[in-house]
Amino acid sequence: MRWLALYLRSRRIPVALAATVGSVVLMWSLWTATSNKRDVDVQMVILTVLLAVATLTATLAGPDDALEHTGSLPWPRRRAAHLLGALAVVLLLLLATLATGARFGPAGLVLRDAAGLLGLTALGAVTVGAARSWFLPLAWTLGSLVLSLPDTAWAQILTWQVQDPRNTAAGLTAGLLAAAGLFTYAVAGPARRAPAEAAL
Amino acid sequence: MMRTVSAAETAPTTHPWAVHAEGLRVRAGRHLAVDGLDLALGTGVHGLLGPNGAGKTTLMRALATVVKPADGRLTLLGQPVDGRADLRRVRRALGYLPQQFGFYPRFTVREFVEYLAWLKEMPKTAIPGAVQRAIDRVGLTAKADARMKTLSGGMLRRAGIAQAIVNDPEVLLLDEPTVGLDPEQRLDFRTLLRELGADSCVLVSTHLVEDVVVACTDVVMINGGRLVYQGTPDGLMAQGEPGDAGDSPAERGYSALLRRYRAEQGR
Amino acid sequence: MSRILRIELRRSAAAGTALVLLVAGALLLYASTDGWASGWMALAMVQRQYLVLLWPLALAAGAWQARREQRSNVAELFASTARPLAQRVAPVLAAMTIAVVAGYAAMTAAAVPWIIGTVSYLPTAVFAVLAVGALSLVAAAWFGMAVGRLVPSALTAPGLAVAGIGLLLVLTPTAVGGHEGVTAVFSPTQGLGLFGDFRTISGRVSAAQGVWLAALAVTGLVLLAAETRRARTAALLPAVLGAALAILVIPRGGDFVESPIDPVARELVCTEAGPRVCVSRMHAGLLAEVEPLARQGLTMLAKLPNAPTTAAEDTNSFLDEHAQPQRPDTVTFNLRVDSDGHLADDRTFLPEMLNAAGVNAYACGNELSRPVSRAAAYWLMEREPTAGAHDPAEETAQTRALWQSLRKLPEREAAARVASVRTAALACESLDGLLSRSAA
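Protein chains in written order, with numbering that gives the first Met the number 0: chain V, 0 to 199; chain P, 0 to 266; chain X, 0 to 439.
You may find that some hints are simply not true.
[What the hints assert, rightly or not] Facing chain X, according to a computed beta carbon distance under 10 Å, are these residues of chain V, among others:
hint, residue
1, ILE12
2, PRO13
3, LEU16
4, VAL20
5, THR31
6, THR33
7, GLN42
8, LEU50
9, ALA57
10, ALA138
11, ASP150
[What the hints assert, rightly or not] Facing chain V, according to a computed beta carbon distance under 10 Å, are these residues of chain X, among others:
hint, residue
12, ALA30
13, GLY158
14, LEU170
15, PRO172
Calculated directly from the structure, the hints in this document are not laboratory data. Using N, Cα and C, we set each Cβ at its ideal position, and we do this for glycine too.
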């Protein structure tokens, strides 16, 4: 348990979790205050999932990954657990709203989008570092919300975040992103950036 | 490479001391790191010694006008810098290398030094020449167009020294400048220090007693936020006795001063 | 300062921002070109619509750039330098401004090759629309930088982007309860009105939007350059003043014309020689494509007595209050522009033009018989009627039957019946039985 507590602090997870909860609560309050429909608009659901994933991106890298890499601890399984834990947090928060007056659903959409976006973020953390890993998920998701394409398979893959939960092309895309992200992040870890003050 | 010297620089100074602190008190967080310090520094290289936590970095910060003194009087180049003074004039003649040197990783060395020169409000036409001169003086000419993030620790420190000296400051504050420098680079640095100390007030905070003894004209030792000793390096070495801890006369002098000061405080 | 500006353009987020705006914008534009292939104004308006993605991205870019000082731990070093904060941020501000304007302009430039061959009408209002779009991105970048500096957390940039797109998606007239004028002020993607040919955006709307966006930019500037908390509260002033002034300028309530028509775009441009074919000034680039087809139609109509001698584009647009009445010597045709900028679907051109023997019956209140109209058209074209994709089978069968019966008749008799269809349609009378009546 001691290791877990130290790990959580090294990744600044308590702060990030507070931000995740805060952002979901904020979106939930916005909806309840401005609308009396029980089911939240799908656009707002997707934006909430995006925001929740974004709050957790900073936790994907520690202050000095090069140093941590020198330890003998088997990191892959812990990194995988980290990523799955992040998914669990997002799902828990959003699916908990299904019992309240503002329902962020459907559950299939939330699961697919959270898994896919987290996978994409993890891929970003491996390639360009955790600080920049939210660029692509954000731009892609906002683009999908805005783009209106004819209903071909390519369009469904390109705008997978906004498709119906039962759509297979979108589900496969998200699944692929999630699996790729989980695997590469677990094996390779975040991109190792030297801390800014390399002098000391 | 030489530079032109303006008439203002060759005019005689009107202030007796470049740095003059009387009863200076500076906070670091909630803790009073500098507690009643009296210090007078003129032209020359002054080495700042002291144990960790003695308040060296906080003193440097106060002299660099990064933090405001909580109490006491601080005068830099004849201008008071406590209270609500206008610090722009003083800062133009200031050079500072912090202990934790932050930099823009994507800038090249030349660009970063140029940026700092601009921030110190150097005249626009003088900047390119001054930047080149500063980079040459620290020995980074080969790496002048390399990005800062590709530099090793020692080179980064030298880049930090370059930005500190680019505006030929009258008060130069270097906090741990020799970290990461190899022995040859340290020798070059000592030469540079002597050059700089010829016509400006340089304050070097370091743990390397040998550097202080060789390159500095004056040694300042503080502990617990107060002045313990100010004098020549020979004077420091003379303080030591054979029984004191240390492998060189300077180190023995250092330990002796510390021992005596602590004994005095205990009483 | 210019050397520092050059350094910042190379080393800050400016280049990346411009690239992202260009790529995202170009992708959006080319994903569906049929919205903007018809004219420069349409392009400008569609670009403004796509600000719904670009504006939040600019906010995020500004917030990301502003965190640079905090990410790099330079605070202590810079605190010992002489230049005040306002002057220190000037080069970065300038670099980000150049970046977003260049990105938006490059997005326009990327679309130019697609329509340069077919579009000739360039009203000055287009530049106002583009300028407001660019100004909105500048305001977003400045405001994003201000927020990024005030809240230097890693979450600021994505949070700001989500907030931005949320705001733009919400600020629609339907959601706000009908105050089109006010939503037009605060959202650069609104105030564009209905899409369609000949639409434009009034100068007052662009001016009001410009005022608010300038105020937003100044607010960001004040927040960014202010060092003390008191100075930051001064940032409220431009925001409040700008909002108030913009709401005063924008036409509100009943005055707000949702989609003003550009009268110059509707003016007819005609061919010099031969039977006159006219198109609207907006479609003047397509005159060469339309001319042969229209002349064909005129030739076909020449079988009838009192045949029209001019073919002109139907410039009445949807929901038009001032529909131009039909003149008996002119036959109108419908000009639709395809997604590649050229004339759309020229196979339906003639059947539509010759419908009801060359009468546009939309202005009539009552619905004239479609089988009769179409049979007359196909008789004039001397072609067998083809079924349209959405036509009910029964109607097509009736059309065919009427056409067959016309073909059996001698030339003069058929022409007389078709002429009577034309006369009746011009007077908006019913067409029932005109083609099938027994010889009178």
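How the hints compare with the structure:
{"no.": "1", "hint": "ILE12", "result": "13 Å, violated"}
{"no.": "2", "hint": "PRO13", "result": "14 Å, violated"}
{"no.": "3", "hint": "LEU16", "result": "12 Å, violated"}
{"no.": "4", "hint": "VAL20", "result": "13 Å, violated"}
{"no.": "5", "hint": "THR31", "result": "15 Å, violated"}
{"no.": "6", "hint": "THR33", "result": "8 Å, holds"}
{"no.": "7", "hint": "GLN42", "result": "6 Å, holds"}
{"no.": "8", "hint": "LEU50", "result": "5 Å, holds"}
{"no.": "9", "hint": "ALA57", "result": "5 Å, holds"}
{"no.": "10", "hint": "ALA138", "result": "7 Å, holds"}
{"no.": "11", "hint": "ASP150", "result": "13 Å, violated"}
{"no.": "12", "hint": "ALA30", "result": "6 Å, holds"}
{"no.": "13", "hint": "GLY158", "result": "7 Å, holds"}
{"no.": "14", "hint": "LEU170", "result": "13 Å, violated"}
{"no.": "15", "hint": "PRO172", "result": "16 Å, violated"}
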